[in-house]
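First to last, the protein sequences are chains D and W.
Read in this note's numbering, the first sequence has 224 at position 199, and its numbers run on one by one without any break.
Read in this note's numbering, the second sequence has 267 at position 139, and its numbers run on one by one without any break.
These are calculated hints, taken from the structure and not from any lab test.
Bear in mind that the values here come from a model prediction, so they are computed numbers and not experimental data.
What you were told as hints is all true, and nothing was included just to trick you.
No farther apart than 30 Å at their CA atoms in a straight line, the calculated lysine-lysine pairs in the DSS-like style are these:
#1 K103/D to K288/W
#2 K177/D to K394/W
#3 K330/W to K292/W
Below are the chains, spelled out letter by letter.
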Amino acid sequence: MSDVETGVPPESPPASTIGTAESKRTNRAKRAHRAGSDLPFLALMGALGGGYLLLILALLAADIAYTSPAHFVAALSKPEIRFAVRLTLISCTISALLSIWVATPLGYLLSRFQFRGRWLIDTALDVPVVLPPLVIGLSLLILFHLPIAGGKLDDWFQQTLGFRVTFRQPAVILAQFAVACAFAVQTMRVTFDQIDPRAEQVALTLGCRRSQAFLQVVLPQAWRGLIAAFTIAWARSLGEFGPILVFAGATRMRTEVLSTTVFLELSVGRLEAAVAVSLMMVMAAMAVLGIVRLLGARVN
Amino acid sequence: MAPARPTIRFLLGDAPDDLHRPRHRRYGQRRGASSWPVLVVIATLVILGLLIASLVERPSSPVANQTGASSAEQSLMIYCAASNREVMEAVRADYEQDFGIPVQVQYGASQTLLASLEVSKSGDLYLPADDSFLGRARERDLIDDDFALADMKAVVAVPKGNPKQIAKLDDLLRDKIRVAQGSSEATAIGKVTKAALEATGKWEALEQHTAVFKTTVNEVANDVKLGAVDAGIVYGPVLHDYDTLEGLSISELASIQSRVAVALLKSSTRPQAAVRFARYLSAQDKGLVRYREFGFDPVEGDPWSEQPELTLYAGSMLRPAIEETITEFERREGVKVTRVYNGCGILVAQMKAGEVPDAYFACDVEFMNQVQDIFPSPESVSQNELVILVEKGNPHGIKSLKDLSHPGLRVGIGHEKQCAMGWITQRTFTESGLQTELMKNVVVQTPTGDMLVNQMRSGSLDAAVAYLSNAAGAAEFLDAIRIQGIPCSVATQPYGVAAGSNHRQLAERLLRAIRTQSSKEKFTSEGFRWLEGQRSADE
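Just chain W, with the same shape it has in the complex (with noise of 0.2 Å):
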């Protein structure tokens, strides 16, 4: 009985013209309009579009108006660490300026940003903070090549004026000092830091002093900020924002640093305007002089050009090898990549009387030995096999270099001084000791192997020493026969950047690329052994 009162006082109360309505119910009520629940319903809903409307409008926003028309859908998309975000934000606005092309930055912890361009496999740039989450990436296939930018050194963050007087590490073991760091799982500097520690035996005592391990670098200099610890090891250019901190480099930590690198996501649909920002980004005059500014130690990157041009140099034999990863790599970068195939000997000699190139894949190692002051670290890519070729089904039945001296046999051969295989082939013959036997049947020297192939084909010699690669292209019309038991008639291609070269990172990239595994395919299918990654003294 009770309950049903306040609700009848209710209706009495608040609505009285609804205490009629229920007797006529089919009338006037569709129209009433009266009653004010409908009308809240329907001002919900119109206040709902014209809120969504006036969103609606927004996709023409100022920055986009800058640059005119459906900007939205051409402007880069880029996922960049938080902690890179001043930086970033400046050499946007000076790219925004000089060419008028927006960019639009997505921040956040490098490592939320990875999740989320991995599941949805859009943009077309990642910048994390420390390079090792692009080894994460690259692993799961989400990226193509990066762009080295700068490092960061470890520093200890105290307030201005050091107060506490810490100047080695022991300091920060000292009972009164409070001490906060990244953790070591989920930050880059965590990371570094521990594993620098453990080489000399002095994390444990630091990881049991430590007060606090934050997840971010940011947040362990907050807490220096903020006076909860009283020192904290962060990244030094991390600083740059903090007026009243200091960074202390201190010996222990100096061995600690990361590298800062924006990488080509594989998702990018305009890869080419998408590189030609990271090459914004890396050049030494354009982005990099921000990065020097906010504290960063940027690396030695190539001067900004609108379209570089990249001169190489490289043996012809390996022409069927690299062309086409070369046009694929023009295409991506936007930059023209003039080839010079030759015999190597002959661009030994160019590049002696003065004309370097930007870089060099030599057939040998030899032939890069000779030009060494000019490319200081060269990389071997692959690996070429010498072979003796003959016709198909081996009519003269050679079975090894000694079949070579029957008399009357027309045999072709690299020429000696100008080409790597002509060097390598007449190594061969003199460790295989037949030297002057051999030389006797020999009606050719010619400075590269595919002549040899032309002249087997045309019928004018009945076998030549060459490349097994060189042969590659011609298996329906000849055999390859081993040349056994002889270890120098492998040749072994390195590919050398110019220390000279104004495009000494495009030059790198280039490298990469032929050191894909797409390329890699090639190289095999050519016949040449592929050498995985060695990186020489430059890393």
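Chain D with its partners taken away, still in its complex shape (with noise of 0.2 Å):
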């Protein structure tokens, strides 16, 4: 969430309020002792944040202790887990982008507007988050095979735009997406929430439409939140796993990603694959997450 709160604009009120408290104890603590004061201080923040730190490259370490390069050049040469990675890079970019065009309005109306019944909004926007994932996949296996009007939702779609969404491709967007999007909107309404309004409404009495306001006052300013949302929604994407096998399957060169491959790995007991797999996950996420923070920085 760190992302969400360098959202805020760097000089913010209440950085400066922290500033002038800061000033003060350091004028009172010039007079007690001189230097070195802040030392434990910041010696234990930097243990308490550094500890968590270690424990992650520490289960890094141990990943990479447990498999060795050939079982990477094995994992790669594999065409199947060629055709997850590929699948997997691709569907979780699509389901981010889905997500922000959905986080952004939704984001963008829940903080701006109130209305009665919004909490109700709010509560449902939840449910994705609380839900177990197996559970989301479930349901959206049965809200497509669920007899509405004398048909199936699966079946129109076979008809209507000669595509099957159930255990296929599409399957596994839907599954990334209902769950990612959830995590893109609670994002982007924290970053609306702290972009002061004040710049829109002058915008506004300026002249500008409210479309006009928000693409060139508030969209400039929620750049940063628009990259953490799509860091985050990719990111879950990435390991969402219990959905997609529920609502895409696991099947071979179709609806298989690097999630499903890890626990297809897993049950057959390749645990050296397995982590293989994982690790190979971790880079693809580094990666791209580092690419996209990268632009953004730069742009901003």
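Combine both chains into one complex, guided by the hints.
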């Protein structure tokens, strides 16, 4: 969530208040014992935070120790795993982009407008976050096969749009999107909450339409929030596994993504391969998220 | 006042052009495109479109391509337990190579797969890790028939070399031994272990001592592999992929085993192709070779044959009850069933002469007993009752067997040597103590009951002793009078599979097809009494 907080413009008022409080304290500190007094405090903070970082690094190190380059090569040489890598990257990006497209308007509306029954929408938006992922998959499956008005949604897709959803690639994306979008919405909402509506109002009084004010004034300020929402949605999609297994299945060369590959490898006891694929996921995630963050920083 | 400041700065700093915009808001705005947020918005749409497009060309994936056109729709869809993945991949590769027919397999936990196929009502075959899941699927009316594949025995998984020297169940209870097991609710291995050990009174101690219960059998093996526990109870074949583990067979677990079977789903839109693959998978010289390779104990399967031919000998009286079911079975299985209907005595004589069919559906137990060495474990399917058939309205006022001895009556019965009906008729006559009187009036003895019915209808007989089922088709013209108080007037029809048959599994499946609900309805409408499944010795 740190990204969201940095979505606040640099010179926002709370920051300056903290600044003055700090300066007061340092003044007093200067009188008591001149230097080094901050050290224990910072050390404690560092130790607490660093402990977690250490844990992550230790996990990665353990994974690396458990597998070997040979396992990597073996995994990557399999066409089904290469397929899974490709499908994973594409489906995650699609669902993250879709999430942004939905989360931005939703977050904006929820942040800017007060209306009755809003709590209901808020609660509904929390459902995908609190529900066990497996249940979301099952619900999707039920939805697409429930006889509605004499037909099923899945058949309708087949007849009208020419493709099936269940157990096909659209199901992978939909399953990822269903969960990831909720996280993106939360992020975007906090982002818009933290952007002062004043500027937007000023733009409106200067003659902007709301759409112009949104595009010209609000969106540029929400840029980092957008990046954060994208990364969260992307990362959620990457790790998504329960709903995909139920709704899209784990059919080789069709709906197998990396997270299901890990499950499949694990379920036949090939821990080394499972770990190799997991590390591949970590690298893919770091690469994509790194690029996105870098891009975000540059544009900003 | 303060909040506005940063935003204005932002506008000034980042987008100086925009500062002038609001003044002439109507102009220059629409086509300007100089504002980057709009560009970004458009860019995301373009990327989205490109990515989706890249997936759309995907359906012709490498595997499907090998075999050509529109295979995605034609290929089979199998739900397979993740624990069977290795062997399934091997068989699938064989099958695709042999026939060029692509097979799509969806792997997952047996329970998860069951849930998704129940909801989606799609797919062709279901192969769970244990046949208890098939029971559940059957309860929900999801599957048609199943094909037994192999057995898995329970073993104790330990690191290679058995460093903790485990040899019997009590060793698992030692203080320093940590044990993992599959959950007795969620996993098949857990369920069968609990049942077996409860019977011997050892369960409680082991349950107390078990360090962890896992939700899949592979997780148990994984724990042993990682050294998180010292031993775990798993299925033997599971360890095939674990180089660093070995499975110990200990006597207390010897009785524990599960059966792997693949079932045809009712939702299948191409049952013939699905059954063909299931037959391939369960063929002793095809799929089961792989199963043995991967550490399973395969069942005794039929040898593979493109279109197997099954020979069935059946008593003529059974024809109306089974004919339709067999035709349906032929269509579903893609096999040919050669039926030989005749009086059972004649059929037995043929078999004794050396012409042995794959299966034999006898008119009465007596005629099965005569060929018991060929059909070791027959199963009783139905019963039939001997009745007196008379013309509609019963013009001769016949009420019992005794009335058939009235002088001048023309009576027809079955031939005692040629058919079970005749044999039972003779026995019934003897039991009634009226045999000589009755036989005086017998003008004809036929090898089948149908002939008697025809003769009744043509008016050449006044009465006939035949099966109730014989009269079922002629209820408009004939009345049936029950023979009271003589228990042997009831015939029981057993179905047996020849021990030496090359198509034993197929013949067993035919029996199961005959035992289905729709078949039962045909039997009862033909006047048979239905006997609920009583599996004898073989299972």
